[in-house]
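Construct all of the structure, not just a fragment, from the sequences and the given hints.
There are 2 protein chains.
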Amino acid sequence: MANPEFMREAIRLSIENVKNGGGPFGAVIVKDDQIIATGTNRVTANHDPTAHAEVSAIREACRRLDTFDLGGCEIYTSCEPCPMCLGAIYWAHIDKIYYGNNKTDAAAIGFDDSFIYDELALPREERQKAMEKLLPEEAIAAFELWTKTTDKTEY
Amino acid sequence: MANPEFMREAIRLSIENVKNGGGPFGAVIVKDDQIIATGTNRVTANHDPTAHAEVSAIREACRRLDTFDLGGCEIYTSCEPCPMCLGAIYWAHIDKIYYGNNKTDAAAIGFDDSFIYDELALPREERQKAMEKLLPEEAIAAFELWTKTTDKTEY
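Which chain is which? The protein sequence lines are A and B, in order.
Throughout, my numbering is defined as the position within the first sequence, counted from one, plus 1.
Throughout, my numbering is defined as the position within the second sequence, counted from one, plus 1.
Don't read these hints as lab results, they were simulated from the structure.
Some clues are possibly wrong.
What the hints assert, rightly or not - A short, non-exhaustive set of chain A residues, derived as facing chain B with CB atoms under 7 Å:
hint: 1; residue: 84
hint: 2; residue: 154
hint: 3; residue: 156
Backbone N, C-alpha and C define an ideal beta-carbon position, used for all residues, glycine too.
Structure follows, in C-alpha cells:
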C-alpha cells in the first residue's frame, strides 16, 4: 500500500538537495513500513556520475542490511528512475517503485532520462553511442570458467 | 581505434575475478591510450548490487580524474553493458564502448541482462516490476526550484 508520507520525505530530500548544490532528486527505501535508507543526487558534488538518488539509496540500504538483495523493500523516488537507476532497482530485487515526477518532466528541465530510454530501446547499431564487438572468442573464457565453478554466489 | 590489448586486460580481470569470488565481468577505461581505471563485478563480495564492472570502473576513473565527465574516454568491457551500466556510460559521457560477450551470452549463464533490456523497452504499465505514480503535484516543486536556481552545476 502506498504511503504518501514516504513520498513526501523523498520530495523533501529532493528540494533540500537543490539548496545543497545537488540535483533535484531524492529517494527513500522502505522495509516493514520503516525508512531504512535515503539518497539524493550528488553527481556533481561528489564527482560520481552514478550517484543518482536511487543508486545512492540502494547502496546505503545494502550497507545497512548487509545484503545485496533488497527483496521485501519498496522505493519511493521523487522522479521516475532513469535507465541506470531502474536497472539498479531490478538488480537489487526491490519489490515496487513509487515515483513523483516522470522522465518527461526530467527532460523538460534538462536531464537526459528520456533520451537514454530511447537509446536503450534501439538496436545497438542504431544508437548514437558507438559500440563495437571485440574478441568475443577470448571473452567467453570467463563465462566458461563461471559455469564450471561450483563454489560461487549467484544472484 | 580499437586496441585489442585493452580488451585482453578486461578479459583477464573478468577471469581473475571469478577466481576471487566475484562475477565473470571486467572493464577498463582508457584515455589518451592509457588505462586510467579498472573494475570488476563485486556485487556479492561487497554487498552492492550496483558494483558491476563498468560502474566500478566509472567511479574509479572519476575519482582519479576528479571529474564527473569522462568525455574523451573509452570503455573496454568483457561483456556488453547491462542497462544499468549502459545508463551510467551515457551519464558519464564516455565516447565509445568495446565489448566482448553480449547480453545473450550473459543470459545463457544466468544473468538478467536481456530480461532487464526487455523490461525497460516496455511501457511502464506492461512491466513485471510494479510502478505507481504518487503525488506528482507535490514532486514538481523540486524541478521548479531547480529551474529558478541560477548557481547550479548542470550536466
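Do the hints match the structure? See the list:
no., hint, result
1, 84, "4 Å, holds"
2, 154, "4 Å, holds"
3, 156, "6 Å, holds"
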